[in-house]
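J.: Spelled out, the chains give:
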Amino acid sequence: MGDWLRINDWVHEGSLFLSEKMMNLTPWPGESEYIGFFIEKSILCGLIFGGIMNTILVILWMERKILGRLMDRRGAITSLRSLWVGESGVTAGPWWQKVPYGLGRPIGALVGFLNKVAGNRDEKHPTVDRVNNRSWHGVWFLFPGFFQNLADGMKFMTKEHMVPRKADKWIYEIAPFLIISSTVVILGFIPLSENFYAINPKMSVLFMMAVFGVAPLGVFFAGWSSNNKYTLLGGIRSAAQLTAYEIPMLIAVLGVCIISGSFNLVEVIEFQHQSGSWNLFLLPLGAMIFLIAMVAEVERIPFDMPEAEAELVEGWWTEYGGMRWGLMFAAEYMRTYAACFLFAHFFLGGWHAPFAGVIGSIPWFGTAYLLIPGIIWTMLKAWAIFVIFAWLRAALPRIRTDQILEFGWRHLLPLSILQLVVAVLLRLYVFDSANMRDTARGGFAWDGGFGLFLIVPIIVTFVFSVLFVIYSIDEEPGDVGRPFHAQTLEPAGTHKAGE
Amino acid sequence: MGPQHPMTHGLWTLRVKVDGETVVDTEPELGYIHRGVEKICESRDFTQIVPYCDRLCYASAMTWAHSYCYAVEDLLEVDVPERAEYVRLIAVEMQRIASHLMWLGAYTPDVGNLTVFVWCLRDREMFLDLMQELGGSRMHYNFPRPGGIKRDIPPGFANRARAKIALFLERMKEYEMLLDESTIFLVRTQGVGYAKAEEMVNAGVTGPNVRAAGVNYDVRWAHPYSVYDEVDWTSSVEKPSSVKGADCYDRYRVRMTEMEESCRMIIDALDKIPGGSDTTYQSGDEKIIAKVPSRAPEGATGHHHFEDSRGESMFYLQGGGEGRGKYPYRVSIRSPMFITIPFVAETMIGYKIADIPAIMGSFDPCIGETDR
Amino acid sequence: MPMHKHAKPNFRNLFIKPFWMTLKTALRTFPIIGKRFSDGYHNKSEKMLDAGSLARVRGSKMNNVGKQEYSADRESSDLVPTIWRPVTIMYPYERLEDMEPWLFVPGNYNGRIGVIWETCTACKLCVKACPNDCLHMTTELRVDVLDGAEGEYGGYGGELKVGGWAAVEVEGVKERHLTRNTVTAHDTPESEYRFAEVIDLSGPSARVRWNDNGYEEMVDNGDLLVADDQIVSGRIDIGRCMFCGLCMEACSFTSFFMSNEYDGMSGFSRQDLWFDAGRTRVLKNEHQEAVDAVLAERAKKEKEKREKAKARAAAKEAEA
Amino acid sequence: MGMAITSAQNKAAVDAAVAAVMDRFGGTGIEATSVEHSTGKHASFLRIISPPRQWLGLAKFLRFDLGVNHCSMVTGTHFPDGAEERGWEVAYHFMRMPVKNQASGACVEHDAATLTGLEIPLEVEIFIPLAKGDSPVVDSIQSIWVGADWNEKETWDLVGIEFKGHKDMMRVLNPHDSPLGFHPLQKQHKLRYHDYNEMYDDAQGFERKPTDSGLVK
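Protein chains in written order, with the working numbering: chain A, 1 to 499; chain B, 500 to 871; chain C, 872 to 1191; chain D, 1192 to 1408.
Treat the hints as calculated values from the structure; they're not laboratory data. Keep in mind that the hints are not guaranteed to be accurate.
To be verified - Partner residues are not named here, just some residues of chain B that face chain A (Cβ under 8 Å, in silico): (1) His504; (2) Glu520; (3) Thr607; (4) Pro608; (5) Asn612; (6) Val617; (7) Trp618; (8) Ser681; (9) Ile683; (10) Arg687; (11) Ala853; (12) Ile855; (13) Pro856.
Ideal Cβ placement from N, Cα and C applies to all residues, glycine included.
Take the sequences, apply the hints, and build the full model.
T.: If you want it as structure tokens, here you go:
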């Protein structure tokens, strides 16, 4: 198939061309390759980071909108424009006129148009009139609230930076940057498309997981250095929880790497294309473990014990304020977003269109279908995973520390080893690398007809679906007993109901 | 923890000594919003006290005003017209539902789920609206008067109440689906915060918290007042899960069933109300308010045990204050949560830090009435 | 005692039930899909409006509420029609009284205090009833509408006298009052009268000194109304008020009431919350009815009195 | 129909309690009477007026012989203009609840009509007049009813009645650093009234605060 939007190649050629032309003017034309490399990477990093950071707005907006629906309320529909209402309720008025050189004029025209078309300005109601500049704010087709986070960010920027008197100042200042920088580094390893990534080392999966493990250190630093009981407890909880969930997650990823035969993220995705089946259908258990462990890693409900607001106020970031708090908040969502990308890459075939083989073989439509750039598929898949994250948050309460750890060590770890075994078996006996070949039609599951390669994912998926159904219906109807206890005064497992 | 802490549901401090994550010792500290209501009431006449009693608890204003009114009727020797008793019952039970919804809404964020909070406030709005129709305000209704009620149920009220209750009863199933059938909620609440019935009674804990431990004890039938013996209801009791007493889940269940019972009561009272639920009497009509003397003689006392949303509340009044008995000489308020909070603080010892909000929240603390 | 079927903390309940419940709720917010998940009770329109509220609502300017279907938890809004169930009223774009008119029946809602000062007799019942002492009686310069009323059985009237006060009606104020939005206004309404001190009454035109600018001027006697600076008035500290409505109940006349408005009670300092009579008074366009009623009452009494006197005089004459 | 204790049951229980108390404490100055509420169902309750000397014995009798297991409220009143022997009064309100610990998975559903004897809920009101003086003292019942613990703390805090034998007495509602002997519900403390002028001259209260600090009015 191949991605026609070969951004990496274009940037590579462009920057080489540029550097050659430039360096030919200097006495060192031989160095043009290095300069070209520098330019290329700078541009790519800018593109990748910019792309992901900007689409984080989508994530935040999605979360608010989805939660609004799930919780049966409307999400906030104020927007960046709420900033335009000045002190004492006085509107800032047509602020765009103050922008020099008339650059604000298009904004003014747009606002005027929107007020005219979609506004509900009512002269009889001064309260409405007072905020008339955004009287169209609730109009659905404008994605109300999309820029709220930008507004929040601006607010954070203007806030005072406070350090508690007894805090360990150096570590206190370093911790947020440790967290955010290690998070940003992860993004550099994520390919958005076959030919669009900042860097693609051979062992990119290993490297990425290693970097993913740095942030907990920052969390612990932050918790310790704030010199506050809540932050300390949050930091320690975070350390314990992240350790407990890092291991099953790594083993789940190891399974993916084994079946793909590579530690390189691009090759993992290529394997899914070549084998003709997403890893989700080959390793459903691994996907589940990875998802659960990732929710715990990014500390979201139901695993948000480190920042449990009911007892630890805001956990390890209680003492932070202003933009440092904003950075931590952003880092949390960036990690979540990275987790979504990783899931999409590991289990959902990355940038490859779903059913590329089948749909792609339809004349006309198939050709057009395959022309959709991979970036779009990557984004869509990541967002779809994020929907699950938001959904979890709405549906479930928070688990207690000891229950989290127990679940991690006693359930997830054995299961992850089980799925490792499955992956090894599949690799050894089915997906032998000798059989691998790349075809435009989406791998040999489709080429080989109804052969082994098609049947294996079907069987695996079927088995797991049946297990899922069996587990889902095992409640005895009419049971009024109280079957379960989580008694904390005694060692787990020794307490029996009704004693 | 506190005075500004999400766990406190108000403004108080719980000093917690922890060993790692386990709670070793606790000590509550109250009084942050002590307003001196008892002293203020000594210089207000009997009608003027009613709005102050509303403000004892912002989540359950109606029941507190009624609690006061029953006591002052005991002091002034007044019999309340029957229709007024029915309207009072409807108002109080609506407030009980609203208060329990507020409790549920505050409790689920304690164990980490914000969804139910939003749902609860959504449904509480229906009952606040109904009570606004009665009292004219959204939270502090100033609805009952010594001797009766301020105004009769307005036209269309019965229709709306029936429609809203029908909807709410369906919504209860949704809550149960999201909480009772959610494993994580069960493991957070079951087996946590055991409290035995006899210990609770000895320590002064009453109301839903005792009924959760498997004892059907309710002031509404034990010391009957109003017309509770004429409407259809049973007091809600939960079977405790262990000999150790009731856990958080039991207390959650007992409040859920209590809300259902209150709905039943309201519907039944609307059917049985003398004069019919469609008629509206003028304010001051003798059918809804009795003649009340404005002065209480010296030496007269009045008290009344009342089933508040959180337990047994009581007012104790002495007549013969300033203005030749126009003001009460002494007003004393029994707040159920004032006694409960020290008990809960001891209950928490031995559990995890994460259980503190879960246990504290399950007893439904309200600091407005605690500190008075 | 029916007990809820306790579920087991198993796999199904770990994910499926809560997920399904929240999904159902989310789907319900979309009208087309939501109908399938409504379980037969959702968005069922009920008889929520009685005839009185319906009549009242029809005049509303902001929302076309007559067409709206009401359900137990207010399910539709004009503002965002694509979403069901606006649990939050999008104030100030929507107002609660338009969504749920039955909550704001005049006389039943404890809103901003309004007083028809013209009919107030300064009996101070409201001051005594107030638990918070936020009402205070004062006097102010005003035209005595009751006593100055004309007609056979009109008031006792006052007479213009030198050194006393007079007032001239300002043109156009009443019309401006008609367009004034009493719901959200945060300011004192414009006075209908311009007051002046009477200096000379000897001619057909009186010489007066205007209170507002201090200039003296000659005004036609016929234009002058009698004013008095000892007319009862009141001050209310709305920052202390707890809206219990006891003052309204205490008023045995038609003067004191609590309006349906919840706007217009904010300020930037506590002093802003001291409402003097100008802020609480009911404008002439609306209070005229009450004033007329009181006047009619007085006229009736006066008439009876005079008739009695006449009869007594007649009887005396007959005796004599 | 909601169940309820009938007035006959109520009357029987109160009469029995009156008889029991008078039988045990007759002649010691303790008076027990059956009093009717003057509103609602006109239910009866047990009212005891006891001298402070007898109080602890009476309390134990109530708790262990009459099964009065719930201390609802402890209240003190200050009568500065009262008689010499009644300068203070402590009022106790107790309830008898038919409450027993439950086995797992079991619950008691009282049928109100069948309750008899000590199972019938009972309301008790006890007055203990104390002599005039600066330090009214009464025996603490903290060890008998745990629920009396914080009630007594509150009564001492607000009214200033001392409870002999109370462990861990402390301020609960007033600030912990309130001056010794300051009990706001005593009658010599008048409500401070911000009159009209004071309120309007200094609405924010800025000028009042410095003069007030450290003073107890």
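J.: Now look at each hint and say whether the structure bears it out.
T.: Consistency of the hints with the structure:
1. Because the beta carbon of B/His504 sits about 7 Å from the nearest beta carbon in chain A, less than 8 Å, this interface hint is met.
2. At about 6 Å, the closest approach between the beta carbon of B/Glu520 and any beta carbon in chain A falls short of 8 Å, and the interface hint on this residue holds.
3. The beta carbon of B/Thr607 comes within 7 Å of a beta carbon in chain A, closer than 8 Å, and the hint placing it at the interface holds.
4. For B/Pro608, the interface hint holds, the least distance from its beta-carbon to any beta-carbon of chain A being 6 Å, beneath 8 Å.
5. At its closest, the beta carbon of B/Asn612 sits 4 Å from a beta carbon of chain A; the interface hint therefore holds under the 8 Å criterion.
6. Restraint check, B/Val617 versus chain A: the minimum CB separation of about 4 Å is within 8 Å; hint holds.
7. The criterion of a C-beta within 8 Å of any C-beta in chain A is met by B/Trp618, whose closest approach is roughly 6 Å, and the hint holds.
8. For B/Ser681, the shortest C-beta to C-beta distance to chain A is roughly 7 Å, which falls under 8 Å, so the interface hint holds.
9. Annotation: B/Ile683 was flagged as interfacial toward chain A, and the flag holds, the nearest CB pair being 5 Å apart, inside 8 Å.
10. About 6 Å separates the beta-carbon of B/Arg687 from the nearest beta-carbon of chain A, less than 8 Å, and the hint is met.
11. Interface restraint check: B/Ala853 against chain A, minimum CB-CB distance 4 Å, threshold 8 Å, status holds.
12. Evaluation of the B/Ile855 hint against chain A yields a held restraint, the C-beta minimum of about 6 Å falling below 8 Å.
13. With a least beta-carbon distance of about 4 Å to chain A, the hint placing B/Pro856 at the interface is held under the 8 Å criterion.
Checked against the numbered hints listed earlier, the structure breaks none of them; every hint is satisfied.
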